Amino acid sequence: MRIREPFKLVAVGMIGFWLIAFALLPNLLVVIASVLERGSDEFVAFALTLDSYRRLLDPLYLGVLLDSLWLAGVTTALCLLLGYPFAYLLTRMPARWRPALLLLVIIPFWTSSLVRTYAMVIILQTNGWLNQILLGLGLITEPLELLYTEPAVIAGMLYTLLPFMILPLYAVLEKLDRRLIEAARDLGAGRVTIFRRIILPLTLPGIIAGCMLTFLPGLGMFYVADLLGGARTLLVGNLIRDQFLSARDWPFGAAASTLLTGLMLLLLWAYYLSSRRASRGALP
Amino acid sequence: MNLRGAARIAYLILIYGFLYLPILVLIVYSFNDSKYSLEWQGMTWAWYQNLFDDPDLLQVALNSTLIATLSATVATGIGTLAAVALYRYEFFGKPLLQSLIFVLMMTPDIVMGIALLILFVSLSLPLGFWTLLLAHITFNIPFVVVTVLSRISGFDRHLIEAAKDLGATEFQTVRRIVLPLLMPAVAAGWLLSFTLSMDDVMVSFFVTGPTFEILPLKIYSMVRLGVTPEINALCTIMLGVTLLLILIAQLLLHERS
Numbered sequence: 001m002r003i004r005e006p007f008k009l010v011a012v013g014m015i016g017f018w019l020i021a022f023a024l025l026p027n028l029l030v031v032i033a034s035v036l037e038r039g040s041d042e043f044v045a046f047a048l049t050l051d052s053y054r055r056l057l058d059p060l061y062l063g064v065l066l067d068s069l070w071l072a073g074v075t076t077a078l079c080l081l082l083g084y085p086f087a088y089l090l091t092r093m094p095a096r097w098r099p100a101l102l103l104l105v106i107i108p109f110w111t112s113s114l115v116r117t118y119a120m121v122i123i124l125q126t127n128g129w130l131n132q133i134l135l136g137l138g139l140i141t142e143p144l145e146l147l148y149t150e151p152a153v154i155a156g157m158l159y160t161l162l163p164f165m166i167l168p169l170y171a172v173l174e175k176l177d178r179r180l181i182e183a184a185r186d187l188g189a190g191r192v193t194i195f196r197r198i199i200l201p202l203t204l205p206g207i208i209a210g211c212m213l214t215f216l217p218g219l220g221m222f223y224v225a226d227l228l229g230g231a232r233t234l235l236v237g238n239l240i241r242d243q244f245l246s247a248r249d250w251p252f253g254a255a256a257s258t259l260l261t262g263l264m265l266l267l268l269w270a271y272y273l274s275s276r277r278a279s280r281g282a283l284p
Numbered sequence: 001m002n003l004r005g006a007a008r009i010a011y012l013i014l015i016y017g018f019l020y021l022p023i024l025v026l027i028v029y030s031f032n033d034s035k036y037s038l039e040w041q042g043m044t045w046a047w048y049q050n051l052f053d054d055p056d057l058l059q060v061a062l063n064s065t066l067i068a069t070l071s072a073t074v075a076t077g078i079g080t081l082a083a084v085a086l087y088r089y090e091f092f093g094k095p096l097l098q099s100l101i102f103v104l105m106m107t108p109d110i111v112m113g114i115a116l117l118i119l120f121v122s123l124s125l126p127l128g129f130w131t132l133l134l135a136h137i138t139f140n141i142p143f144v145v146v147t148v149l150s151r152i153s154g155f156d157r158h159l160i161e162a163a164k165d166l167g168a169t170e171f172q173t174v175r176r177i178v179l180p181l182l183m184p185a186v187a188a189g190w191l192l193s194f195t196l197s198m199d200d201v202m203v204s205f206f207v208t209g210p211t212f213e214i215l216p217l218k219i220y221s222m223v224r225l226g227v228t229p230e231i232n233a234l235c236t237i238m239l240g241v242t243l244l245l246i247l248i249a250q251l252l253l254h255e256r257s
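Protein chains in written order, with the working numbering: chain A, 1 to 284; chain B, 1 to 257.
The shape of chain B in the complex, shown without the other chains (with noise of 0.2 Å):
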């Protein structure tokens, strides 16, 4: 390899390097059998098993897979048939339609959130559990379309003229042939969902009340107060988890094409 190439790696290497050294330490410490040193004082699961021990962290943690799960699943059935609607129709509004979803995808999540949470007060609406979900649905909606979209737009609109020539509703045609084409496309946008859900610190901040703690959070007041083991090890599970989740949303992408 010459000069010039070699160069090219090194830069690449680089960013690579900045991108995910720090996350590496991250996880290496949280496996450092020392409270305080730097220094590496051999493998130890204890802070994991600290985080376990802990009633209130679990429950913490069920509250945001319970959103995560519940807003993933609305976003993407709301998501997808907009996707399908975008795709096959004509309708009044549809550039405005169009420009909503681009501009909500592109809002700073900080408007985001006191926008909802002026809405949910001027609608006399408890923050909480309901408030929560209503914005993680909305905030996930878009990446749905845009996934689904993107997957739509590369197929064969022969096989749905044929199912109307066949004699298919168009209800039928949408069940039997669309959506079954695009099932990896929706599947990928849940799992999105899913990870944008969990990790979403800056809307739910806004939207939720004292009654219903959900992760993000409750790791944003701890990190408030310092560096611990503990919290490595749960960002290290955090961090598993979206790995583990966004490696299946790429397959799915990814098979076929």
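One chain only, chain A, in its complex shape (with noise of 0.2 Å):
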């Protein structure tokens, strides 16, 4: 770097030390306080152990976070299932209504998400929205105990992450060059085939960034789990906040969150490996 080019120093030198200060440097000190022992009167002592990486495996903490995999799993499975229709439908509507349409999904994934869990809440609770309906319509004779149950949770995750899914899809799908479908279609290719060979692989990369956005937080959400479900400890979310808030077990905490950051690696890495086969495949 050339002294003649002050600009271009400071402008790379503020987001380097940035980034590197508040984004590298904390998660090396995650991964380092994972492999320490829990203090006595600081936070960690300074010997080296993978005891709580073995915690891990300890049933009680494998129960929550298979748990948690199940409820993540879940919310983004729906989330795709809903959303990949959704934001197909999105790309095919007249091209004057789209910029509308798709702000009315940029809103909510831009509106705090606590704000819309709590109005999942008044909607769930036992007085509330859909029990009323229900009562109604008759199907019911006296009102569900809905919320504080694992249905409630997974309604909540799926209501604040929906938007995450359809974003990243609507952006893939978008793109999709017709020619490429119109072509399969001469040469004979059916529905399903067109969607196999040509529409998923070329859709993948939207797909996993779309996972990515909707399975991690589903992980970590914790005030959705308190909200909707009730006192138990539900997601990796809750047992993380509690070793760094109740039971000061900063270690086993770091050990999790790390468990978290792996996962996101290796999400990005098979979205890296898609996106590249992807525009490989693509018309020039």
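Pairwise CB distance ranges (calculated):
{"hint": "1", "chain 1": "A", "residue 1": "Leu60", "chain 2": "B", "residue 2": "Gly17", "range": "35 to 45 Å"}
{"hint": "2", "chain 1": "A", "residue 1": "Lys175", "chain 2": "B", "residue 2": "Leu125", "range": "42 to 52 Å"}
{"hint": "3", "chain 1": "A", "residue 1": "Glu142", "chain 2": "B", "residue 2": "Leu21", "range": "19 to 29 Å"}
{"hint": "4", "chain 1": "A", "residue 1": "Leu101", "chain 2": "B", "residue 2": "Leu244", "range": "19 to 29 Å"}
Residues on chain B that point at chain A, a partial pick, calculated with CB under 10 Å:
{"hint": "5", "residue": "Ile9"}
{"hint": "6", "residue": "Tyr16"}
{"hint": "7", "residue": "Thr80"}
{"hint": "8", "residue": "Tyr89"}
{"hint": "9", "residue": "Phe91"}
{"hint": "10", "residue": "Ile110"}
{"hint": "11", "residue": "Ile114"}
{"hint": "12", "residue": "Ile141"}
{"hint": "13", "residue": "Val201"}
{"hint": "14", "residue": "Ile219"}
{"hint": "15", "residue": "Val223"}
{"hint": "16", "residue": "Ile231"}
{"hint": "17", "residue": "Leu247"}
Don't read these hints as lab results, they were simulated from the structure.
Computed from a predicted model, the values in this text were never measured in an experiment.
All C-beta atoms, glycine included, are put in the ideal place defined by N, C-alpha and C.
Now that you have both chains on their own, put them together as the hints suggest.
This is the structure we're talking about:
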């Protein structure tokens, strides 16, 4: 870097410093904390051990881990199932409506997920809307206990995360080259074949990005589990929070968090591979 | 319209209904003149009045606004310069920088929250205003970079070359040509950062201390005690502010292009 370009030096220097100091370094510290021992006065004691990772496999915590993976997995699958056709239909709408329709997805994307979770509490509570409607329709005779159940947590996560699935899917579906589909049809491919061999591989990066944006928060959003799932520890997020707030076992919390980071890197790698493949498959 | 077209529209309406119905219910009940009943008892401003009569709550709202304004401003500064640098220059470590920005954006909030907590505790920084500000700047930066970069990639390199030919220095080129063209995206990035900061629960949860309370965490502790019309009113205000800022940001991003 030459002194002749002070602007470049300042611009690159600032972002570089910030990312190293507040993104790279903190995450390294988490990994380091995860292999240390729990301290008595300090939060950690400086002795190397893999004990925290071993404890993640303890049946008690493994249960939480598996429950959480299950809840986040179901939520992600539902988001994909509902979101994919939705995003596809959006791209097939008349061009002059599309910006407005898209804006209606962007608004909840940016809106506080706490506020949206709270809205879900109002809908699901015992004397809430859903029960009133079901009672009114005569489908049930007494109010259901909807709140503080696993389906309520899934409903809440689905509700807050659906836009995070739709937007990346829309981005890839909109770029999809219609000529490829026409060519496949001309060559005699059926609907299923076209979807499986053309649309799916080309939209895979969007699918992976959407899954990453729903699955990872689905593991971590402890307040959704608190407000809709009651007091039980349901998510990895609750587990991590409790280690830092009440149990004061930082190495263990750091180990659980490192697990999430590892999962993220794995998904990012899958995303990278799929987008490289998809761009090779596209027409010039 | 044929049957298939109708089914498609019905599906879209169903999903939009799912996305918007709970929010609408929340808004409607913030005006309902009844503390416990679901039945509509008439329109009232009482719950909003209660909020504005609460000096603690006003202080908390002020704290949030302060953090959001400062963090959005600093993040917009750093993020815009970063986007310009990523567009204009080749430099050592550029791919690493790009991937760090991407990874930072994808990092789950809870992971970022505890990572920053561990950092601040290692540095013996007292948790409160400053730690909160540093954390908010950090999660805002990638959104500014992405917003500004998406606008830059669509603009005319010849303008920059022309400025160079006419003898402008690098700093002059950036200040007189690049930044004015980027202004809408920069403003949009600021607004989006502001809303992110106003709404954040998870990162703030870990990095703030008892001395400095902010609105989302206040709402969180209120909500855990149950549903009240005052929370409905407070959430409605939050929604209104977010909606306004997003609409302005979208208008800025789509003007001209």
